[in-house]
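Protein chains in written order, with numbering that gives the first Met the number 0: chain A, 0 to 176; chain B, 0 to 726.
Since no wrong hints were added, every one of them can be taken at face value.
Derived, one-sided and incomplete: chain B residues facing chain A with beta-carbon distance under 7 Å:
(1) 694
(2) 695
(3) 697
(4) 700
(5) 720
Restricting the straight-line Cα-Cα distance to at most 16 Å, the calculated cross-link-like pairs of lysine to aspartate or glutamate (EDC-like) are:
(6) A:119 - A:77
(7) B:475 - B:508
(8) A:28 - B:708
(9) B:706 - A:34
(10) B:710 - A:30
(11) A:28 - B:713
(12) B:710 - A:27
(13) B:706 - A:38
(14) B:677 - B:713
(15) B:620 - B:634
(16) A:28 - A:38
(17) B:535 - B:519
(18) B:705 - A:34
(19) B:705 - A:35
(20) A:6 - B:716
(21) B:585 - B:624
(22) B:530 - B:614
(23) B:706 - A:30
(24) B:584 - B:545
(25) B:630 - B:654
(26) B:475 - B:445
(27) B:710 - A:34
(28) B:717 - A:13
(29) B:705 - A:38
(30) B:706 - A:35
(31) B:473 - B:497
Beta-carbon label-pair distances, calculated as ranges:
(32) B:71 - A:123: 35 to 45 Å
(33) B:710 - A:89: 28 to 38 Å
(34) A:19 - B:648: 40 to 50 Å
(35) B:630 - A:44: 28 to 38 Å
(36) B:669 - A:15: 20 to 30 Å
(37) A:89 - B:648: 54 to 64 Å
(38) A:89 - B:720: 26 to 36 Å
(39) B:204 - A:123: 49 to 59 Å
(40) B:562 - A:44: 48 to 58 Å
Derived from the structure by calculation, the hints contain no laboratory data. Bear in mind that the values here come from a model prediction, so they are computed numbers and not experimental data. The beta-carbon is built from N, C-alpha and C at its ideal position, and this holds for glycine as well.
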Amino acid sequence: MANDLLKLSPYSVDGLQTPGFNYSRFQDKLDTLPEDLVELLLDPATTDFVQSLTQKYIQLSVQGPDMARLIRDVTIGDIFIGDMPKEISHRLGIDQTFAREITNLIVSQLFTPVIEDIKKVQNERYPGKLPRQNFAPQNSGGQAPKPTVPPAPATQHYQGEELPESGGNIIDLRNTK
Amino acid sequence: MLNIGSIASGAIAKVVGYINTLLLSFLGEVISYFAQLLEEFITLQTDGAIYNVAVVDGSWTIIRNFVNLFFILALIVMAFGTIFNIQKYTWKNMLAPFLIAALLINFSLTIGQYIITVANGLATVFLREMQDPLVGGIAANFQDGFSSTKIITSGTTSISALQAMGDAGAGIGSVVLTLIFSVIFLMAIALAFIATAIFSIVRLFMLWFLLIISPIAWFGYTMPNLRSGTWSAWWKQFLCWCFFLPYFLFFMMFAVIFIKNKSLIPLPSTLGRISVAGMAGNDFVFYLLGLIFLFGGMIMARKLACASGTGVKAVFGKIETGVRKYAPGAAYVRATYTGAKEGLKERGGEIAERGLFGIGGAQRERLRVAETKGFVAGIPGPGRVPGAKEEAYRAQAAEVDKETKRLQVLNLTLDQLNERLVKGGAPERLAALKIKAENGWLDPTDLNKVNDAMRNAGGGRTALGSSIISSLKKGKFNEIAQTTAQKEFIFDNLEDAEVKKVFGLGMAEGREVMNETIAERLLELYSGDAKEVQDKVAAAVEKNIENFARDKTARETIATRAVTPTMSRAERKLIELAGKTMVDKKEVDSWKIRRSILQSAGGMDPTTGDALSAEGRTLAKEIKDNNTLFKEEGDYRAGHGILPTVDLMPNQRTDVQHQIETNVANGLIQNLSTEELKTPEIYNAIFSINAAGNMTARLRQQMLGKKADRKRREAFDKALAGPPIPY
Chain A
0 MANDLLKLSP
10 YSVDGLQTPG
20 FNYSRFQDKL
30 DTLPEDLVEL
40 LLDPATTDFV
50 QSLTQKYIQL
60 SVQGPDMARL
70 IRDVTIGDIF
80 IGDMPKEISH
90 RLGIDQTFAR
100 EITNLIVSQL
110 FTPVIEDIKK
120 VQNERYPGKL
130 PRQNFAPQNS
140 GGQAPKPTVP
150 PAPATQHYQG
160 EELPESGGNI
170 IDLRNTK
Chain B
0 MLNIGSIASG
10 AIAKVVGYIN
20 TLLLSFLGEV
30 ISYFAQLLEE
40 FITLQTDGAI
50 YNVAVVDGSW
60 TIIRNFVNLF
70 FILALIVMAF
80 GTIFNIQKYT
90 WKNMLAPFLI
100 AALLINFSLT
110 IGQYIITVAN
120 GLATVFLREM
130 QDPLVGGIAA
140 NFQDGFSSTK
150 IITSGTTSIS
160 ALQAMGDAGA
170 GIGSVVLTLI
180 FSVIFLMAIA
190 LAFIATAIFS
200 IVRLFMLWFL
210 LIISPIAWFG
220 YTMPNLRSGT
230 WSAWWKQFLC
240 WCFFLPYFLF
250 FMMFAVIFIK
260 NKSLIPLPST
270 LGRISVAGMA
280 GNDFVFYLLG
290 LIFLFGGMIM
300 ARKLACASGT
310 GVKAVFGKIE
320 TGVRKYAPGA
330 AYVRATYTGA
340 KEGLKERGGE
350 IAERGLFGIG
360 GAQRERLRVA
370 ETKGFVAGIP
380 GPGRVPGAKE
390 EAYRAQAAEV
400 DKETKRLQVL
410 NLTLDQLNER
420 LVKGGAPERL
430 AALKIKAENG
440 WLDPTDLNKV
450 NDAMRNAGGG
460 RTALGSSIIS
470 SLKKGKFNEI
480 AQTTAQKEFI
490 FDNLEDAEVK
500 KVFGLGMAEG
510 REVMNETIAE
520 RLLELYSGDA
530 KEVQDKVAAA
540 VEKNIENFAR
550 DKTARETIAT
560 RAVTPTMSRA
570 ERKLIELAGK
580 TMVDKKEVDS
590 WKIRRSILQS
600 AGGMDPTTGD
610 ALSAEGRTLA
620 KEIKDNNTLF
630 KEEGDYRAGH
640 GILPTVDLMP
650 NQRTDVQHQI
660 ETNVANGLIQ
670 NLSTEELKTP
680 EIYNAIFSIN
690 AAGNMTARLR
700 QQMLGKKADR
710 KRREAFDKAL
720 AGPPIPY
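Extracted from the complex, chain A is given alone in its bound form:
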């Protein structure tokens, strides 16, 4: 249903009538966010991205709204970006390695165009927690395009495989520039 698609939007996943959701606090937060991050939350491409994740990974097929909430919470700074793998694992009930992989996808494909704004929000909310070096998602080669459908699972790292050079962390402490 099309209405379900709105539930995959980080902006609309919870609304005025969602029990326990503080709509006006959310709007207050949006007022303080950089415009590009607000746009990221409202962008249909973000919804498409979440939808593509639910389609590609069977484990996530019914967890689109939770994914959308997680993206929203990281974007507005309610979750520390370094805690994303743990949060995904916890909220979606998946193992750490898979959670790390999903995190990696979100950062590399969704957050890359707005990474500086994300860093700014995260630094304001969690001062000193982010490493000082530029962090960049793995596999990113400069300015990434708009979020796209993630690559096939076969190309991704799975449990048991050798970890990438960064040790699988989403935050690469090396200056990649």
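The hints should help you fit chain B onto chain A, whose structure is shown.
Frame of chain A, contents of chain B only:
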């Protein structure tokens, strides 16, 4: 036989003579006291009141010790300046001044004292010249020159002489005049001595103070950014106060020389027999010369010793202004340094113009003639002179302008203006009010004075009234009060329509019209003016509509009021302005509002719905371009042949909503404004699309547009959540 007139004149002259003796003796005492004070302080300063003053030495030591602490700070600043390569603060630029200051700060007191000694040495040279072993010091010399006894005992003013004048039938007027001139002259002398004595006292304390703070000046020399504020300023002040005394004594010396040697200066013998201001003519000449040197010396000393902007100059300026303002013989004081001729002429002119003691004066006569003309002109019947009344007001305006210029020259304070506003004659009162107004010094308590002034001026349309109004405008009359309530009170209580118009327009331009009644009354006040003026006022009032019609509903209430034939022009204009505001704010979302707006803006064709005036057509175009719902409703009406004068039925409005839903899906409706999102048909369309499960993030973006602000987002989310608005 006894001559009764002679006895009466003799008696009056006797009384005047006693008063004269009393006043002149008192002034003589004042001069004597201040001349002695002046001498004491000058002698004290040249005798070394600069050295070995325990309080100065002690205070200087404390300041020096304290300032020495800051040299460590200067070293740190220099270090950082060198590290960060801040040009002014590198060691290359700071080291030399630092070392000089660190060394010489310990001698700052001695250096200062030495300079004072040099200045005092010069002063002593002139002082010595002024002292006469036979007569005495400066005071004695001046007392000799300016003695009141010269006036009291001089032939023309002694009691017997006055009596003789009376006996001779000279007239009591000339006796009194002699008395007044004598008093004025002595007051000028007294003022000169008071001013110079005060300065000689102030100089001593200023020099002490400057010596005490001299370590700060030396420290300031090390810090480039502090240098001008401390080092340069200190030297400027110090040199100024130091050398003021020798310069002043130099000029004073000439005064004394003239007085001491008056017997050697050949003056025509006839001069001694002439009485000038109650004195023998030759005494008067020396008296005047002494006065010129005393005052001229003070002014020249200031110019020579101090560069502009120093404290001495500022204080001197104040004293000069004070003398000019308060001395009863202001013109005479000015005469001492601008030239006796000009001063006397000015004073004479002043008396001729304004009269003396409320009697006579050309101004009074001109006003009397003007008032008489005006009065005659105001009598109906054959005696009426066309334009004479206006001529009378013009004459008054000219007099008030003259008074205004006169008062402006005096540079009066607010208190002084207020005094003149209460005690002055009619032209002076109006002039004082004008100056207050132009300076923006009016306050709400002046409301009655403004009303009185306008009443006296014959209203705002006379020459005098316009002149007052132009002053009110110049001083931003509408800022007279702080709060809106006060301003509304003033607007309500201003009596003259022209003043009320100016005040009201000021309020409107400042967006301070907070209630509809005032807006309407302002429009009413201007309804008889030229169209351009009315348009200007309307534009100003339009900016205030949101002050009293805060939301769309309130604006709609005004804009949709039925226009009746009994309505005033102002009421109709207000409706039109509320409609325009709605158009500007893109709030016109129904044909009903459109209809009202077009009707108030010149009418609407009931069959086609077209506006009948050019202004209406512009508004109609803006409405159509601005509002999606209005456009959709227009299309629906056109498609179903529904006249613009007829309101839509609820089922027809539901049809319009469906039409909107279709057009959203087709991508024809985009970028809706907050107001549009709140209109029932669009609001319900969003709810309906969402309820049907057809709302997508893409549709949302299409309706909101990119970078939607909070208001727009919230309006959209509210529509998503529902419930729908019933039609």
